[in-house]
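Chains as they are written, first to last, in the working numbering: chain A, 1 to 131; chain B, 1 to 498; chain C, 1 to 279.
Hints in this document: simulated from the structure, not taken from any laboratory.
Take these hints with a grain of salt, some might be off.
Stated by the list, open to error - Ranges between beta-carbon positions, derived for each pair:
id, chain 1, residue 1, chain 2, residue 2, range
1, B, 25, C, 144, 26 to 32 Å
2, A, 123, C, 87, 22 to 28 Å
3, B, 51, A, 60, 50 to 56 Å
4, B, 2, A, 6, 24 to 30 Å
5, A, 123, C, 141, 58 to 64 Å
6, B, 431, C, 13, 31 to 37 Å
7, B, 67, A, 1, 30 to 36 Å
8, B, 58, A, 36, 44 to 50 Å
9, C, 35, A, 7, 18 to 24 Å
10, B, 4, C, 40, 23 to 29 Å
11, C, 40, B, 276, 29 to 35 Å
12, C, 13, B, 67, 50 to 56 Å
13, A, 6, B, 67, 50 to 56 Å
Glycine is no exception: its CB is placed at the ideal position from the N, C-alpha and C atoms.
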Amino acid sequence: MEDILRLIIEKYNYWIYITLMMIGLYAIIAKNNLVKKIVGMNILQTAVILFFVSIGVKRGATVPIIEHAHDGAHHAIRAAEYINPLPHVLMLTAIVVSVATLGVALVIAIKTYQRFLTLEEDEILKQIREP
Amino acid sequence: MSEHYPALLVILPLLASFFISAAGWFRPVLCFPFTVAGLAGSLLVSLGLLGDVMSGGPVSYRFAGWDPPWGIYYRVDHLNALVLAVVSVVGFINLLAARSSVEKEFPEKAGPFYTLYVLFMTGLLGMVVTGDAFNLYVLLEIAAITGYALIALGKGRAPLSSLHYIFMGTIGASFYLLGVGYLYIVTGSLNMEDIARLLPPLYESKVVTAAFVILMVGVWLKMGFFPLHAWLPNAYTHAPSPVSSLVAPLMTKVMVYVMIRMVVTVFTLDFAFTFLGLNDAVVWLAVVAIVMGSLLALSEKDVKRMLTYIVVAEVGYMVGGFWLGNSAGFTGAVLHILNDALMTLCLFLAVGNIVHVKGNSRMESLPGLFRTMPWTMAALVVGALSIIGVPPTCGFFSKWYLLLGALEAGHYGFLAALLFSSLVSVVLFFRIFEVGYFEPLGGSHGSAHGDDEHVVREAPLGMLVPLWITALGLILVGLYTGEIVGRVIRHAVPAMML
Amino acid sequence: MKILGLVIVALVGSVLIYATVDFPPFADPESPASLHVSPRYIEKSLDETAVPNVVTAVLADYRSFDTMFETTVIFAAGVACFLLLRIPRRRPPGPRHFRHRLTGLTFRVKDGENGKEIFLPLREFEPVDSVWTPHDFIIEKVCRYMIPFIQLFGLYVIAHGHHSPGGGFQGGVILGAAIILLSVSHNLRTALKRMREKTGALCSALGVFIFAGTGALCLALGYNYLDYRALAALLPGGPIMARSHGMLLVEIGVGVAVMGTMVWIFKNLASLGRYDEGL
Chain A
1 MEDILRLIIE KYNYWIYITL MMIGLYAIIA KNNLVKKIVG MNILQTAVIL
51 FFVSIGVKRG ATVPIIEHAH DGAHHAIRAA EYINPLPHVL MLTAIVVSVA
101 TLGVALVIAI KTYQRFLTLE EDEILKQIRE P
Chain B
1 MSEHYPALLV ILPLLASFFI SAAGWFRPVL CFPFTVAGLA GSLLVSLGLL
51 GDVMSGGPVS YRFAGWDPPW GIYYRVDHLN ALVLAVVSVV GFINLLAARS
101 SVEKEFPEKA GPFYTLYVLF MTGLLGMVVT GDAFNLYVLL EIAAITGYAL
151 IALGKGRAPL SSLHYIFMGT IGASFYLLGV GYLYIVTGSL NMEDIARLLP
201 PLYESKVVTA AFVILMVGVW LKMGFFPLHA WLPNAYTHAP SPVSSLVAPL
251 MTKVMVYVMI RMVVTVFTLD FAFTFLGLND AVVWLAVVAI VMGSLLALSE
301 KDVKRMLTYI VVAEVGYMVG GFWLGNSAGF TGAVLHILND ALMTLCLFLA
351 VGNIVHVKGN SRMESLPGLF RTMPWTMAAL VVGALSIIGV PPTCGFFSKW
401 YLLLGALEAG HYGFLAALLF SSLVSVVLFF RIFEVGYFEP LGGSHGSAHG
451 DDEHVVREAP LGMLVPLWIT ALGLILVGLY TGEIVGRVIR HAVPAMML
Chain C
1 MKILGLVIVA LVGSVLIYAT VDFPPFADPE SPASLHVSPR YIEKSLDETA
51 VPNVVTAVLA DYRSFDTMFE TTVIFAAGVA CFLLLRIPRR RPPGPRHFRH
101 RLTGLTFRVK DGENGKEIFL PLREFEPVDS VWTPHDFIIE KVCRYMIPFI
151 QLFGLYVIAH GHHSPGGGFQ GGVILGAAII LLSVSHNLRT ALKRMREKTG
201 ALCSALGVFI FAGTGALCLA LGYNYLDYRA LAALLPGGPI MARSHGMLLV
251 EIGVGVAVMG TMVWIFKNLA SLGRYDEGL
């Protein structure tokens with residue numbers, strides 16, 4: 001019991017990302033409204049971003065901008081003092097990708113609406129089946 | 001200059017995209033020449049790379065001059081040199097054919113269309129050449145986003161199909177990214193070879209197993225492997241014809257390559273085949289994919305839609321062939337990437353020509369086509385024979401290697417599925433030939449326009465020439481299969497499979 | 001669909017939970033992710049690139065090739081929105097709305113005889129959107145005076161990305177948001193006057209070209225692609241400062257691309273590709 005509790009508390013960030021990701025996945029699969037699906041898609045991508053950013057955290061470390069960089073005296077820089085910059089770099093890319101996907105998805109949703117005059121998937125499918 | 005080939009391959013189309021985009025605003029006539037220049041450049045570079053790799057072994061390139069685990073690193077070996085050549089050849093031939101349909105269907109949007117076209121090619125070429133797991137994700141998204149937009153350009157329900165593709169594609173890409181993240185959290189690296197070096201002591205870790213599963217599911221979603229294929233037929237059917245003949249031959253093949261690369265280079269065969277022992281299960285999934293793809297194709301009344309189900313079945317060929325886990329199966333799978341890209345291109349181009357002239361590709365519009373469009377239909381016959389697997393065409397040889405692999409592995413289910421799908425293809429295509437050759441032209445208004453029956457109304461020359469280049473390519477690749485296997489693919493087979 | 005969704009969610013979720021059990025503890029400085037590649041970035045980047053912000057150094061130098069494609073993704077999204085939504089032909093003039101500048105009264109002008117357009121003297125009347133005619137003096141003026149400062153801040157964020165949080169993406173988004181704010185507080189027409197459609201689109205392509213062109217310049221000077229040390233031949237300060245300058249150059253490219261694309265996508269989405277009126 002204690003092990004499980006410790007597991008839950010030690011890794012709470014990871015549990016949150018899994019929850020978010022599952023919410024997004026469920027919305028994509030089960031929701032009927034196309035815009036809700038797009039929102040679900042965005043939640044899914046954000047969950048992955050949360051996961052990556054969680055990897056970068058180090059206890060007792062600060063933001064990865066080297067202090068006193070230009071005041072002459074050369075301090076020894078220790079990696080443990082700064083958080084891991086790599087996941088942040090990767091997620092900057094992933095954020096941009098998710099914004100781009102969101103934009104294109106919204107545009108295509110507009111196109112769909114212009115063609116079928118609804119965003120409810122079952123109504124669209126009904127229109128397609130009986131033209 | 002030749003040491004910069006891996007960079008130039010991706011950069012030339014990217015730089016061309018700027019000029020195309022600018023030309024779209026000032027001189028729209030220049031869009032097409034710029035596109036041709038960009039893609040021809042990367043085609044030449046990819047052929048040069050193939051030559052370099054064949055003569056001097058694998059080539060590598062360090063971007064920004066940083067050493068591998070820190071900077072981004074490209075590596076070209078026999079496997080991706082071949083796939084690169086295929087991708088750039090198919091993209092280039094299809095570009096030549098696309099011009100007439102673009103001028104007919106959306107003339108005022110040629111600039112953005114060609115911009116997205118070269119960006120799509122940039123994404124695909126980059127995915128094949130990269131040696132960095134995260135770089136692959138970014139390039140995957142470039143190819144995906146441009147692909148969504150190009151598909152949504154179609155008529156009718158194309159936007160809805162594209163939207164479904166976006167949902168499934170995003171899930172796939174997110175799973176891939178999550179898999180890479182799992183690998184990163186246990187190894188601390190993103191470079192494929194570096195990960196492979198760090199992984200062996202971690203095989204017992206649950207994270208690595210989960211990373212493998214998530215990553216494979218993501219890649220399978222993207223390639224439309226059977227239970228995850230639902231988005232594929234609609235998206236490829238409703239796309240405009242120059243787009244479906246671009247996306248259908250390339251996207252799935254490149255994803256198959258990504259799967260092979262991930263298993264061979266990142267996770268290594270030791271882990272995937274020996275430690276996890278999933279190969280039998282995956283081959284059975286492939287069997288189901290082949291059988292279901294063929295059966296669903298059989299029930300379709302629209303030629304283009306039928307072809308998309310054939311694509312689903314062909315994905316099963318390649319995935320199954322690879323997971324058989326022996327040299328013949330691997331050779332068959334890689335050779336099939338090459339052959340299937342050309343076959344699908346040939347068939348989709350032919351159907352594109354039919355759509356260009358007739359307006360649709362339903363069975364009802366086929367009668368009499370052998371007389372009115374003899375050249376298109378002849379090329380369609382070559383492509384069909386290749387899909388069925390008739391000897392002088394290349395389709396026969398990859399199927400032969402796949403059959404050998406199945407026999408060697410003792411996997412008779414896969415053997416039976418291959419034979420079954422060939423039989424189904426025979427039925428499918430002979431039905432088309434029968435309708436096209438024997439049935440008289442036009443049902444109801446045939447009598448009113450009786451004179452039209454023998455008038456040749458072919459697609460424009462700009463569409464016929466690329467089609468025939470592809471059809472001849474099918475036969476040539478078939479004749480030179482021995483060379484290709486002996487000089488390229490044999491060196492790509494992982495040592496463990498020999 | 002609901003049951004299928006739940007089944008899939010349960011399956012995927014169990015795989016993820018199964019893996020999480022073996023994760024290194026959260027925030028552990030000794031985890032493999034923090035020990036293999038990243039220490040070098042933190043310890044060496046200042047010596048190797050003269051940039052104190054490690055994220056910028058990794059983003060724009062060590063992994064600059066990723067960043068270039070990231071910019072390309074944005075550009076591709078912009079082109080995609082334009083390709084799908086933009087309606088190139090002008091709509092026939094329907095009923096339009098004008099506001100009398102002095103009195104603030106709004107007029108609705110129908111089509112003239114035989115479809116001829118009626119012209120109101122634009123010195124006295126200004127065209128307004130048909131869906132949103134109220135005149136919000138305070139909002140307009142406050143936003144109008146805020147925008148230059150927002151833009152200045154955007155430029156600061158781009159230029160100071162080497163030393164503080166920031167960089168091309170963030171600054172570009174701020175610059176783009178300034179134009180979008182203009183469009184939201186006034187109307188699309190005003191924003192279009194400040195930044196025409198062609199300008200936005202060309203910015204978007206130009207930004208990618210600046211980035212890729214910087215790389216190609218390094219290649220032309222005999223170094224590997226994007227190896228900014230090559231720029232030492234053109235810029236003062238030796239190879240290490242050249243890396244820093246090279247990063248600034250590509251960050252500017254990123255900023256231009258992001259600003260152009262954000263505005264471009266917004267205009268397409270807001271006006272459904274018609275560019276006459278919208279938010």
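Verification of the hints:
no.	hint	result
1	B:25 / C:144: 26 to 32 Å	29 Å, holds
2	A:123 / C:87: 22 to 28 Å	25 Å, holds
3	B:51 / A:60: 50 to 56 Å	54 Å, holds
4	B:2 / A:6: 24 to 30 Å	57 Å, violated
5	A:123 / C:141: 58 to 64 Å	45 Å, violated
6	B:431 / C:13: 31 to 37 Å	45 Å, violated
7	B:67 / A:1: 30 to 36 Å	48 Å, violated
8	B:58 / A:36: 44 to 50 Å	48 Å, holds
9	C:35 / A:7: 18 to 24 Å	23 Å, holds
10	B:4 / C:40: 23 to 29 Å	26 Å, holds
11	C:40 / B:276: 29 to 35 Å	32 Å, holds
12	C:13 / B:67: 50 to 56 Å	39 Å, violated
13	A:6 / B:67: 50 to 56 Å	40 Å, violated
Checked against the numbered hints given earlier, this structure breaks hints 4, 5, 6, 7, 12, 13; the rest are met.
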